[in-house]
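A.B. asks: Sequence:
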Amino acid sequence: MKNLASLMKQASEMQAKMEAMQATLEKTVIEGSAGAGMVSVTLSGKGDMRAIRIDPKLADPNEMEMLQDLILAACADARVKLDAKASEEMQKATGGLNLPPGLKLPF
1 MKNLASLMKQ ASEMQAKMEA MQATLEKTVI EGSAGAGMVS VTLSGKGDMR AIRIDPKLAD
61 PNEMEMLQDL ILAACADARV KLDAKASEEM QKATGGLNLP PGLKLPF
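Each residue of the sequence shown is one higher than the one before, starting from 1 at the first, in the working numbering.
The hints are simulated quantities; they were obtained by calculation from the structure and are not laboratory data. Each hint should be verified, as a subset may be incorrect.
DEER-style ranges, computed between Cβ atoms [stated by the list, open to error]:
| no. | residue 1 | residue 2 | range |
| --- | --- | --- | --- |
| 1 | Val80 | Lys57 | 19 to 29 Å |
| 2 | Lys92 | Glu63 | 36 to 46 Å |
| 3 | Thr94 | Asp60 | 17 to 27 Å |
| 4 | Glu26 | Glu63 | 33 to 43 Å |
Here are the simulated EDC-like cross-link-like pairs (lysine to aspartate or glutamate), alpha carbons at most 20 Å apart as the crow flies [unchecked claim]:
| no. | residue 1 | residue 2 |
| --- | --- | --- |
| 5 | Lys46 | Glu31 |
| 6 | Lys85 | Glu19 |
| 7 | Lys27 | Asp77 |
What you are looking at is a predicted structure, and each value in this text was computed from that prediction instead of being measured. We put the beta carbon where it would ideally sit given N, CA and C, even for glycine.
My request is simple: use the sequences and hints to build the entire structure.
C.D. replies: So this is what it looks like as structure tokens:
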């Protein structure tokens with residue numbers, strides 16, 4: 001029974017760490033950019049777009065397709081950075097415990 005109690009305590013501690021990690025990620029702001037910084041996108045820790053900045057030089061109506069592509073690239077860059085930050089925080093919360101592939105906690 002001592003092993004079960006110890007296991008339950010560890011699970012409770014891990015849950016507390018996971019909740020703390022979630023709170024940290026919710027406060028995180030990640031910026032991605034494309035086109036040598038001409039387009040930048042800011043995402044919240046949950047992946048919601050919070051801001052977009054576009055260099056006024058790109059506002060040429062003849063360049064709208066390129067501008068749209070740059071916005072998509074900046075969003076993708078920000079998402080990659082957000083996923084890396086979430087993975088880093090997960091490693092801290094789990095003490096380096098490798099979770100099964102495809103298991104994305106807490107999201």
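A.B. asks: Below or equal to 20 Å on CA atoms is what counts here, so check Lys46 against Glu31.
C.D. replies: holds (13 Å)
A.B. asks: For the hint 17 to 27 Å, verify it against the beta carbon of Thr94 and that of Asp60.
C.D. replies: Violated - the Cβ-Cβ distance for Thr94 and Asp60, about 48 Å, lies outside 17 to 27 Å.
A.B. asks: Taking the CB of Val80 and the CB of Lys57, does the distance hold inside 19 to 29 Å?
C.D. replies: Holds, at about 25 Å.
A.B. asks: Need the status of pair Lys27, Asp77: alpha-carbon distance at most 20 Å?
C.D. replies: With a Cα-Cα distance of about 19 Å, the restraint between Lys27 and Asp77 holds, given a limit of 20 Å.
A.B. asks: A range of 33 to 43 Å was offered for this pair. Does it hold for the Cβ distance of Glu26 and Glu63?
C.D. replies: holds (36 Å)
A.B. asks: How does the Cβ-Cβ distance of Lys92 and Glu63 compare with 36 to 46 Å: does it lie in that range?
C.D. replies: Distance hint for Lys92, Glu63 holds at roughly 43 Å.
A.B. asks: Does Lys85 pair with Glu19 here, judged by a C-alpha cut-off of 20 Å?
C.D. replies: Cα-Cα ~16 Å, so holds.
Going through the hint list in order, the structure does not satisfy hint 3, though it satisfies all others.
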